[in-house]
Amino acid sequence: MIETMAFKIANQIKRIVPDHPASVPVLKYALALILNASMIILLTLFASFFTGRMVEAATILVAFALLRQVSGGIHLKTGMACVLVTSVAFTYISCISLNNGLTNLFNGIALILVLCFAPSRIEKQSRIPVRFYPLLRLLSSLLVCTNFVIGSSVVAVAFLLQSLTLIRGRR
39 MIETMAFKIA
49 NQIKRIVPDH
59 PASVPVLKYA
69 LALILNASMI
79 ILLTLFASFF
89 TGRMVEAATI
99 LVAFALLRQV
109 SGGIHLKTGM
119 ACVLVTSVAF
129 TYISCISLNN
139 GLTNLFNGIA
149 LILVLCFAPS
159 RIEKQSRIPV
169 RFYPLLRLLS
179 SLLVCTNFVI
189 GSSVVAVAFL
199 LQSLTLIRGR
209 R
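39 is the number of the first residue of the sequence shown in the numbering used here; add one for each residue after it.
Hints are computed from structural coordinates only; laboratory data are not their basis. Note that this is a predicted model, so its numbers are computed, not measured. Be careful, since some hints might not be right.
To be verified - When the alpha-carbon atoms are kept at most 30 Å apart in a straight line, the in silico DSS-like pairs for lysine-lysine are as follows:
(1) K162 <-> K52
(2) K46 <-> K162
(3) K46 <-> K115
(4) K52 <-> K115
(5) K162 <-> K115
As the list claims (entries may be wrong) - If you anchor each label on the Cβ, the simulated ranges turn out as follows:
(6) T184 <-> R53: 33 to 39 Å
(7) P167 <-> N138: 38 to 44 Å
(8) F186 <-> C154: 17 to 23 Å
(9) L140 <-> P63: 42 to 48 Å
(10) V64 <-> G139: 20 to 26 Å
(11) I72 <-> Y130: 39 to 45 Å
(12) L176 <-> G139: 23 to 29 Å
(13) F186 <-> I54: 49 to 55 Å
(14) P59 <-> G90: 44 to 50 Å
(15) P172 <-> V93: 41 to 47 Å
(16) R165 <-> L80: 26 to 32 Å
(17) P63 <-> G139: 48 to 54 Å
(18) I72 <-> G139: 35 to 41 Å
For each residue, glycine too, the CB sits at the ideal point set by N, CA and C.
Model the full assembly from the supplied sequences, consistent with the hints where possible.
Next up, the structure:
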């Protein structure tokens, strides 16, 4: 659905501006990313409005996205699958409240995972040269470490969830 919408919009752009330097596939890719992120944000905030946890949901959206940008992670097969799984997960996570011990435990597990696996699966998603991957691992680790100071239980769960997407399965 997202890919189809992005394709239709990309074709419309090319019809209106035929001399635009970007090709339809490039436009479609960029539009799919924008539509995907927008739908995740809107669905998560909409659902969290009904749970009364909008602040927590917004916090999760930001924390997860920041760690995702520097650490990478698994991609689902379709944009719509990503939207649905992510929105449901973020809405669910927004309702979780952990004590300080569990928050620190989740932070510790997330830190170990990013130290072991970040960055993961960014080769085809990024233009960042491989020589900078250790810096991405360091940034990922520092980001997770900030929550040892902040102590947010929803951020700890979001970081743990994101760090689990870094683990590569058997091929």
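Now for the hints, and whether the structure bears them out:
1. K162 <-> K52: Status holds; Cα separation ~25 Å.
2. K46 <-> K162: holds, 24 Å
3. K46 <-> K115: Given that 30 Å is the threshold and the Cα spacing comes to 20 Å, the pair holds.
4. K52 <-> K115: holds, 27 Å
5. K162 <-> K115: It holds: about 15 Å lies between the C-alpha atoms, which stays within 30 Å.
6. T184 <-> R53: 33 to 39 Å: Cβ of T184 to Cβ of R53: about 46 Å, so the range 33 to 39 Å is violated.
7. P167 <-> N138: 38 to 44 Å: The hint (38 to 44 Å, Cβ to Cβ) holds, given that P167 and N138 are roughly 40 Å apart.
8. F186 <-> C154: 17 to 23 Å: About 18 Å separates the Cβ atoms of F186 and C154, which means 17 to 23 Å holds.
9. L140 <-> P63: 42 to 48 Å: Hint holds: Cβ distance 45 Å, inside 42 to 48 Å.
10. V64 <-> G139: 20 to 26 Å: violated, 48 Å
11. I72 <-> Y130: 39 to 45 Å: Hint violated: Cβ distance 25 Å, outside 39 to 45 Å.
12. L176 <-> G139: 23 to 29 Å: holds, 27 Å
13. F186 <-> I54: 49 to 55 Å: holds, 51 Å
14. P59 <-> G90: 44 to 50 Å: holds, 47 Å
15. P172 <-> V93: 41 to 47 Å: Distance hint for P172, V93 is violated at roughly 35 Å.
16. R165 <-> L80: 26 to 32 Å: Cβ of R165 to Cβ of L80: about 29 Å, so the range 26 to 32 Å holds.
17. P63 <-> G139: 48 to 54 Å: Given range 48 to 54 Å: holds, Cβ gap about 49 Å.
18. I72 <-> G139: 35 to 41 Å: holds, 40 Å
In summary, the numbered hints that this structure violates are 6, 10, 11, 15.
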